[in-house]
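Asker: Chains A and B, in that order, are what the protein sequence lines are. Residues in the first sequence are numbered consecutively from 136, following my numbering. Residues in the second sequence are numbered consecutively from 136, following my numbering.
Among the hints, a few may not be true.
It does not matter which identical chain is meant; a pair holds if it fits inside one copy or across any two.
Straight-line Cα separation of at most 25 Å, SDA-like style, residue types lysine to any residue; simulated pairs [unchecked claim]:
{"id": "1", "residue 1": "Lys162", "residue 2": "Ile361"}
{"id": "2", "residue 1": "Lys341", "residue 2": "Gln266"}
{"id": "3", "residue 1": "Lys338", "residue 2": "Pro190"}
{"id": "4", "residue 1": "Lys231", "residue 2": "Arg174"}
{"id": "5", "residue 1": "Lys138", "residue 2": "Thr213"}
{"id": "6", "residue 1": "Lys317", "residue 2": "Ile361"}
{"id": "7", "residue 1": "Lys357", "residue 2": "Pro319"}
{"id": "8", "residue 1": "Lys138", "residue 2": "Ile182"}
{"id": "9", "residue 1": "Lys317", "residue 2": "Gly183"}
{"id": "10", "residue 1": "Lys162", "residue 2": "Val322"}
Note that these hints are calculated values from the structure, not bench results.
There are 2 protein chains.
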Amino acid sequence: MLKITLIGSGNLGSHLFQHWKANSQVKLNQWLRRSRTERTIDGVSCIGSPSEIEPADAYVMAVPDREIESLSTQLPPTGMAVHCSGSMSLDILRNKGTKGVLYPLQSFSSERQLNFNSIPFFLETLTAREQTVLQALVDSLSTHQYWLNSAQRLQLHLAAVFANNFTNHCYEVAGRICEANKIPFDVLLPLIHETASKVAVMKPIKAQTGPAIRNDQLVLEKHQSILKNKTDKQLYQFISQAIQNSENEQL
Amino acid sequence: MLKITLIGSGNLGSHLFQHWKANSQVKLNQWLRRSRTERTIDGVSCIGSPSEIEPADAYVMAVPDREIESLSTQLPPTGMAVHCSGSMSLDILRNKGTKGVLYPLQSFSSERQLNFNSIPFFLETLTAREQTVLQALVDSLSTHQYWLNSAQRLQLHLAAVFANNFTNHCYEVAGRICEANKIPFDVLLPLIHETASKVAVMKPIKAQTGPAIRNDQLVLEKHQSILKNKTDKQLYQFISQAIQNSENEQL
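Isolated chain A, as found in the complex (with noise of 0.2 Å):
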């Protein structure tokens, strides 16, 4: 069975604990956080400092991308330096074992349950023969496993960004303007459902509606009209237009 460190302890961190705490497939046998409060949890060993991490099979870590590096150098050397980051290169990793790369495509958050299970995970090594590790690893985790080289994550990730920070952004904005005629955001939610739902069954741009792919003046105009707020209004006239661009593309 897997011997593994987990280190972190944010969104991330936090949610691989309570799967890997009481898992059959891997011994969780320390967890790294920041503040260390307690000497254990849920019968796994916490400790405070990369200093008392024990040799393991691996160490993941699900920290900020700026510190991936550093912690690196301070791991044991033997086992392997995981990291979890969709933006950082496998070589980032300066430890003395072996390197590789388990990254979640998914958006965690501390009030929300998510299952492993439904998330596909991205994975790197540098050789054919330290795939073992990394795959029993994400075994424990996922059946959705897709192999990918850095630069490809890096463009998953970017990808990642569209499709979750800007349709948030997408939707505060919505949300705002809701706010401000009193009408309640709810009334959105079957909508933004619908739009989430469809492309799962259509490309997106067979999915597009709305009065710029079928560029209605009237309404581009009576919307701008009525943006006040000048970033607001700057975007529905830029994303209006690259919607026109794309479909003049697709032609």
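Given chain A, put chain B in place with the hints provided.
Answerer: Only chain B this time, still in chain A's reference frame:
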């Protein structure tokens, strides 16, 4: 029982027909379709021209915005003209009878089944006395009923453009990035679903994650350096800045 004429056979018109053709609360008397080929469909009389419209309690116009005004002048002198547009005001209706608006906040596709009862409807009439007919009409469709004036409805329609068309454009860019890098679009679906589900339980601004809100310059620059499409790159810069502005306005 309300006797109604349905006008239009686009996405909304076709969905309304399917819902009303065997509904116990309304009597669908006629269906005006641009390209009439059958005399009846499922027992409902089909007509091809506004001149064939018989007097009814309500004439529901599921037609493009630009056709509403002219079509309304051709309706019988009694009964309520009802349009279904988010962006057109009530007073665009020029019929001699009463006037109403019935705006369903949803994106209709011919390929997708929808349950009307999960859709919020936004209603408007000129006087309270006229609400009865519209109320009977919407009772046959959904329990999610809201009364909004034309100005509020236009704001809601604008919010829907952000929540639906603009998020869909973000999905499209994400899909193109995946395609160019030989990554299946499907791997984004759990993230898209989670992002859409989160805003049902927390405000979008609280749900925001990613490099822009963390002001992670390293990742922001990496992403921009790999974005080859000029419009996508400008969109990336613009929304990233907008996310940071929103965050600052919250402080």
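Asker: State for each hint whether it applies.
Answerer: Verification of the supplied hints:
1. Lys162 / Ile361: For Lys162 and Ile361, the Cα distance exceeds 25 Å both inside one copy (58 Å) and across copies (39 Å).
2. Lys341 / Gln266: neither (39 Å within a copy, 38 Å between copies)
3. Lys338 / Pro190: neither (48 Å within a copy, 43 Å between copies)
4. Lys231 / Arg174: neither (28 Å within a copy, 80 Å between copies)
5. Lys138 / Thr213: Within. Shortest intra-copy distance 12 Å satisfies the 25 Å Cα cut-off; inter-copy 79 Å does not.
6. Lys317 / Ile361: For Lys317 and Ile361, only the intra-copy Cα distance (15 Å) is at most 25 Å; the inter-copy one is 41 Å.
7. Lys357 / Pro319: within (22 Å within a copy, 38 Å between copies)
8. Lys138 / Ile182: The answer is within: 16 Å in one copy meets 25 Å, while 74 Å across copies does not.
9. Lys317 / Gly183: neither (49 Å within a copy, 41 Å between copies)
10. Lys162 / Val322: Classified as neither: same-chain Cα gap 46 Å, cross-chain 28 Å, threshold 25 Å.
Figure legend: structure checked against the earlier numbered hints; hints not met, in rising order: 1, 2, 3, 4, 9, 10.
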